[in-house]
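A.B. asks: Okay, here's what each chain looks like letter by letter:
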Amino acid sequence: MRVVLAEDLFLLRDGLVRMLEAFDFEIAAAVESGPELAKALEELQPDVAVVDVRLPPSHTDEGLQCALAARRARPGLPVLVLSQHVEQLYARELLADGNGGVGYLLKDRVFDAAQFVDAVRRVAAGGTAMDPQVIQQLLSRRSAADEPLGALTPREREVLELMAQGRSNAAIAAQLVVTERAIAKHTSNIFGKLDLAVSDDDNRRVLAVLAYLDQGR
Amino acid sequence: MKRLKDAVVAGVRGLFLTIFALVGSIVLFVFSVLSIAFILLGIGVFTTPAVLMLLRSYANTYRGLAGSWSGVTIPHAYRPFPPDLRGGVTGQVERCSLMLKDPATWRDLQWLLVNMTVAPVVAVLAPSLVLYMVYGWVLAAGVWKPIYEAGGGEWFAFIHVTSQDTADQAALLGTGFFILAVFVNPALVHGHFLLARACLSPTARMRERALARRVDRLTETRHDAVDNSAAELRRIERDLHDGAQARLVAVGMDLGTIEAMIETNPAKAKELIVKARQNSGEALTELRDLVRGIHPPVLAERGLGDAVKALALRLPLPTEVDVELPGRAEAPVESAAYFAVSESLTNAIKHSGADRVWVDMHHADGMLRIAVTDNGKGGAVAGAGSGLSGIERRLGTFDGVLAVSSPAGGPTMVTMEIPCVLS
Chain A
302 MRVVLAEDLF LLRDGLVRML EAFDFEIAAA VESGPELAKA LEELQPDVAV
352 VDVRLPPSHT DEGLQCALAA RRARPGLPVL VLSQHVEQLY ARELLADGNG
402 GVGYLLKDRV FDAAQFVDAV RRVAAGGTAM DPQVIQQLLS RRSAADEPLG
452 ALTPREREVL ELMAQGRSNA AIAAQLVVTE RAIAKHTSNI FGKLDLAVSD
502 DDNRRVLAVL AYLDQGR
Chain B
70 MKRLKDAVVA GVRGLFLTIF ALVGSIVLFV FSVLSIAFIL LGIGVFTTPA
120 VLMLLRSYAN TYRGLAGSWS GVTIPHAYRP FPPDLRGGVT GQVERCSLML
170 KDPATWRDLQ WLLVNMTVAP VVAVLAPSLV LYMVYGWVLA AGVWKPIYEA
220 GGGEWFAFIH VTSQDTADQA ALLGTGFFIL AVFVNPALVH GHFLLARACL
270 SPTARMRERA LARRVDRLTE TRHDAVDNSA AELRRIERDL HDGAQARLVA
320 VGMDLGTIEA MIETNPAKAK ELIVKARQNS GEALTELRDL VRGIHPPVLA
370 ERGLGDAVKA LALRLPLPTE VDVELPGRAE APVESAAYFA VSESLTNAIK
420 HSGADRVWVD MHHADGMLRI AVTDNGKGGA VAGAGSGLSG IERRLGTFDG
470 VLAVSSPAGG PTMVTMEIPC VLS
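Chain order of the listed sequences is A and B. If you read the first sequence in the working numbering, its first letter stands for residue 302, the second for the next number, and so on. If you read the second sequence in the working numbering, its first letter stands for residue 70, the second for the next number, and so on.
For the record, the hints were derived by calculation from the structure and aren't laboratory data. Certain hints may be false.
A few chain A residues that face chain B, going by a derived Cβ cut-off under 8 Å, partial list only [to be verified]: (1) ARG355; (2) GLU388; (3) PHE412; (4) GLN438.
DSS-like mimics (lysine-lysine), calculated; alpha carbons at most 30 Å apart, straight line [stated by the list, open to error]: (5) A:LYS340 x A:LYS408; (6) A:LYS408 x B:LYS344; (7) A:LYS408 x B:LYS339; (8) A:LYS408 x B:LYS337.
In this text, a Cβ means the ideal position worked out from N, Cα and C, and glycines have one as well.
Next comes chain A alone, as it looks inside the complex:
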């Protein structure tokens, strides 16, 4: 799988390259600025892009803007955005086109190499990978203002959180150390309680969850 990587700090870029190569990714390009990233995305057509939000020369949200522009040019281009901080505002912008194949994670998530690589693969496959922090913010907001989430059992809330991050039932089952059947039962309960249409598509599932969490603002 061919990856374009954009990160301005040399140490982090170097570390990411080594980590991704260790997990059998092919690094098509590892760049350090916005213009270079735009060029690499256009010319190399990678399978997935891993992009830092803040990039030179402006040192603002250049990476995010580049990623959004590239996705406008090539809808569904898988992009995983990394950031020193995660903001719902940016998460919404990434999810807004409804095409899937996006991820938005704190840089710290690379500490757990296996999970991070799993997120990259999920995004490359057209799924989503949202940072638990974004999801928790959304959940706490909703539960403060809204009843349906209160109707969920603690276990169902846990499942919902993982589901909103973009995990498949199998992955959730593995993480919570239960059977996949149990998870399937939980998810159908959640969909019922939250009044969401049931869908087989993982990516749609996440978008539905996020849309639900987002509504009524």
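Following the hints, complete the assembly by docking chain B onto the known chain A.
C.D. replies: Just chain B now, kept in the frame of chain A:
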């Protein structure tokens, strides 16, 4: 063509100014004199501040017109009321005496005299020059005849209108007046405002005093700013020392132990690795919170509007953010405004009991205006000791001001204004 239009516009303005100056000045002057005279009877104490405030807004309307119609800027030098002005009867007496002691009040009153005598004469010339032509033409059109036959010896300026010939001359002269109007009308309106400026603009002494007050205010806000930033630095240093730094030291120690044990006791070493990873993760979280407290990342990346939107998304209350900013202010102003909004929102959430909050931000006339409104129970007070005075100090550094409207029962509206330019 443009000259012609300007002349007609100036004529209309002149007419308006004449009426406005005469009626406004006479009414206000009579009221002011009566009201001040009635102070001896006690009633005046209550009416005077109101009348004088009316006079000030009349003068300010004039300042506005002078600026927009003739480009004449008339500065004002009213002394600001002290922030701790009391309410009720004592406050009223205090206000009355403060206003009477302000030399600007007396200058306003003097100006009223000029504005009801000389100034209207200047202004009335502009419409007269235009209308006189119309009158001349009306005479020439035949109207002179009935007037003459009725025994009226009609004079048009210096022409005695007794025949069609003289009536034609009158029309010609009227046209001449109009041509004059084309050249002098804007100047007449301008002259009217120059008179107002001569009377209204502060004297050198008043300017000196205003400057002295400004220096006092700047000294005060500078002290506040220095105090604030020193306290902020102490907080940052303490947070770093107790938090992230300590955790990184722990990570280093764990790594040392791991190095020593990795061959002899791999199980224990693995346990320590997990701990070290946790510690480094938490150090990062603490650093992130610290950075957010110093300069929020979205503020740096996107500016004030999006930073406040991002802030609203993190709040437990539904918050509507309405932003209309065509550019970005300077970083320190943005930062002060952001934290002022953030503190106002925190106050609203903690104390107001509201279930909805609205933030409105826009920029107009060189002012960044922000309103934070909630539908809570109200009763918030600005002033010493409250969280609002902290916001006030923050804004004061940039000559910004804060106003709170919070009647018991709600709603609470916190308004902030900061003079700044957007780029």
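A.B. asks: All hints are to be evaluated individually against the structure, with a verdict given for each.
C.D. replies: For each hint, the structure was consulted:
The beta carbon of ARG355 of chain A comes within 7 Å of a beta carbon in chain B, closer than 8 Å, and the hint placing it at the interface holds. The restraint placing GLU388 of chain A at the interface with chain B holds, with a minimum CB-CB distance near 5 Å, inside the 8 Å limit. Because the smallest distance between the Cβ of PHE412 of chain A and any Cβ of chain B comes to about 5 Å, under 8 Å, the interface hint for this residue holds. Taking 8 Å as the C-beta contact cut-off toward chain B, the hint placing GLN438 of chain A at the interface holds, the least distance being around 6 Å.
Note on LYS340 of chain A and LYS408 of chain A: the hinted pairing holds, with a Cα-Cα distance of about 24 Å set against a maximum of 30 Å. For a cut-off of 30 Å, the pair hint linking LYS408 of chain A to LYS344 of chain B stands: about 19 Å separates their Cα positions. For the proposed pair LYS408 of chain A and LYS339 of chain B, the alpha carbon gap of about 23 Å is at most 30 Å, so the pair holds. Under the criterion of a C-alpha separation no larger than 30 Å, the hint pairing LYS408 of chain A with LYS337 of chain B is consistent with the structure, at around 27 Å.
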